[in-house]
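Protein chains: 2
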Amino acid sequence: MKFCSSCGAGVSLRIPAGDNRERFVCTRCQTIHYQNPKIVAGSIPEWNGRILLCRRAIEPRYGLWTLPAGFMENGETTEQAAMRETWEEARARIEITGLYSVFSIPHISQVYMLFRGKLVDGAYEPGQESLECELFDAHQIPWEQLAFPVVKETLQRYFADKDKANGFPLQRGEIIKHPRRD
Amino acid sequence: MKFCSSCGAGVSLRIPAGDNRERFVCTRCQTIHYQNPKIVAGSIPEWNGRILLCRRAIEPRYGLWTLPAGFMENGETTEQAAMRETWEEARARIEITGLYSVFSIPHISQVYMLFRGKLVDGAYEPGQESLECELFDAHQIPWEQLAFPVVKETLQRYFADKDKANGFPLQRGEIIKHPRRD
Numbered sequence: 015m016k017f018c019s020s021c022g023a024g025v026s027l028r029i030p031a032g033d034n035r036e037r038f039v040c041t042r043c044q045t046i047h048y049q050n051p052k053i054v055a056g057s058i059p060e061w062n063g064r065i066l067l068c069r070r071a072i073e074p075r076y077g078l079w080t081l082p083a084g085f086m087e088n089g090e091t092t093e094q095a096a097m098r099e100t101w102e103e104a105r106a107r108i109e110i111t112g113l114y115s116v117f118s119i120p121h122i123s124q125v126y127m128l129f130r131g132k133l134v135d136g137a138y139e140p141g142q143e144s145l146e147c148e149l150f151d152a153h154q155i156p157w158e159q160l161a162f163p164v165v166k167e168t169l170q171r172y173f174a175d176k177d178k179a180n181g182f183p184l185q186r187g188e189i190i191k192h193p194r195r196d
Numbered sequence: 015m016k017f018c019s020s021c022g023a024g025v026s027l028r029i030p031a032g033d034n035r036e037r038f039v040c041t042r043c044q045t046i047h048y049q050n051p052k053i054v055a056g057s058i059p060e061w062n063g064r065i066l067l068c069r070r071a072i073e074p075r076y077g078l079w080t081l082p083a084g085f086m087e088n089g090e091t092t093e094q095a096a097m098r099e100t101w102e103e104a105r106a107r108i109e110i111t112g113l114y115s116v117f118s119i120p121h122i123s124q125v126y127m128l129f130r131g132k133l134v135d136g137a138y139e140p141g142q143e144s145l146e147c148e149l150f151d152a153h154q155i156p157w158e159q160l161a162f163p164v165v166k167e168t169l170q171r172y173f174a175d176k177d178k179a180n181g182f183p184l185q186r187g188e189i190i191k192h193p194r195r196d
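Here the protein sequences line up with chains A and B, keeping their order. Under the numbering used here, the letters of the first sequence match residues 15 to 196, in that order. Under the numbering used here, the letters of the second sequence match residues 15 to 196, in that order.
Just chain A, same shape as in the assembly (with noise of 0.2 Å):
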């Protein structure tokens, strides 16, 4: 950020009274700009057991596979955010059974919020930003091929709860900036 985004005029960073970090501050028209963090909503659509991942046609991580998800948008809850991206991205409409997933990823300033979902008629195919979409199977996923580490780690866990008594716990946790990809 360089300019005043309401006069234009342009800003510096220092911390505003009665703050205690710094802000990018208008020189002229003093407007604070604060800068927070991205909800990225999205969800894990399950059809008979099986769970449905896109495979990307966008950067980044062209060609690898994830879940549905994107970013959230002005006006929408939550739980509509992430049955977009799964109608954007897969063609696909779920029926929300739950919040599973709520992960931090401090060092990009992102939070996932993934639900689980059904698949409401079983159809799917890609949308505009996936190469294909398929439904797999917990020892088909491929593991070495997914795009994101909160979305091996979203589905680690997940097929972990599906085998045990207590149902989908919600998972809370914080993605570590990885070294290799500094």
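Hints in this document: simulated from the structure, not taken from any laboratory. Each hint can be trusted.
Quick list of simulated restraints, FRET-style, between CB atoms:
| # | chain 1 | residue 1 | chain 2 | residue 2 | range |
| --- | --- | --- | --- | --- | --- |
| 1 | B | 77 | A | 142 | 49 to 57 Å |
| 2 | B | 152 | A | 186 | 24 to 32 Å |
| 3 | A | 88 | B | 74 | 15 to 23 Å |
| 4 | A | 148 | B | 85 | 35 to 43 Å |
| 5 | B | 123 | A | 186 | 21 to 29 Å |
| 6 | A | 151 | B | 85 | 40 to 48 Å |
| 7 | A | 88 | B | 146 | 32 to 40 Å |
| 8 | B | 73 | A | 148 | 46 to 54 Å |
| 9 | B | 146 | A | 177 | 46 to 54 Å |
| 10 | A | 146 | B | 175 | 41 to 49 Å |
| 11 | B | 111 | A | 27 | 31 to 39 Å |
| 12 | A | 142 | B | 152 | 46 to 54 Å |
In silico contact screen, one side only, chain B against chain A (beta carbon under 7 Å); selected entries:
| # | residue |
| --- | --- |
| 13 | 49 |
| 14 | 90 |
| 15 | 184 |
Within a straight-line C-alpha distance of at most 30 Å, the following computed DSSO-like cross-link-like pairs (lysine-lysine) qualify:
| # | chain 1 | residue 1 | chain 2 | residue 2 |
| --- | --- | --- | --- | --- |
| 16 | A | 132 | B | 178 |
| 17 | B | 132 | A | 52 |
| 18 | A | 52 | B | 166 |
| 19 | A | 52 | A | 16 |
Glycine residues also receive a C-beta, built at the ideal position from the N, C-alpha and C atoms.
With chain A fixed as given, assemble chain B onto it according to the hints.
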């Protein structure tokens, strides 16, 4: 938003190629300025069965009672944000015991995430943004003096769950805009 924060030129509202909703796009450098919901993270701090509330020393809702909560910052986890806000507003240290409620408030593009927490040592005092802080039993809660609908909804569900056998299952929901507050 009137000006591009990257180059200072004017922005216009239009639907970028490959997108399906209007964004602010720079008329010179073509940067797309996405706007997304913010997370409000906070806690339901408990001490011997009572809950810690803060009376707001700031607008909006000056003088009304609320749970300690505030905007999550870049670079932190949701749990860290909840603990930080509890410290800033109530000078209380908590140990988080679970995520209790996730409420979307689409008309103001906020998502509340409130964690259950236990006070570590029972100590608290008003922080800079609070007039006073106090522990309340269910029947002492100032129900008609709560600052926000999401706080009332969360506390009502919390005290209902408190008397049940199955613990505190995650609460999800949506807070609808109140007509009288248009």
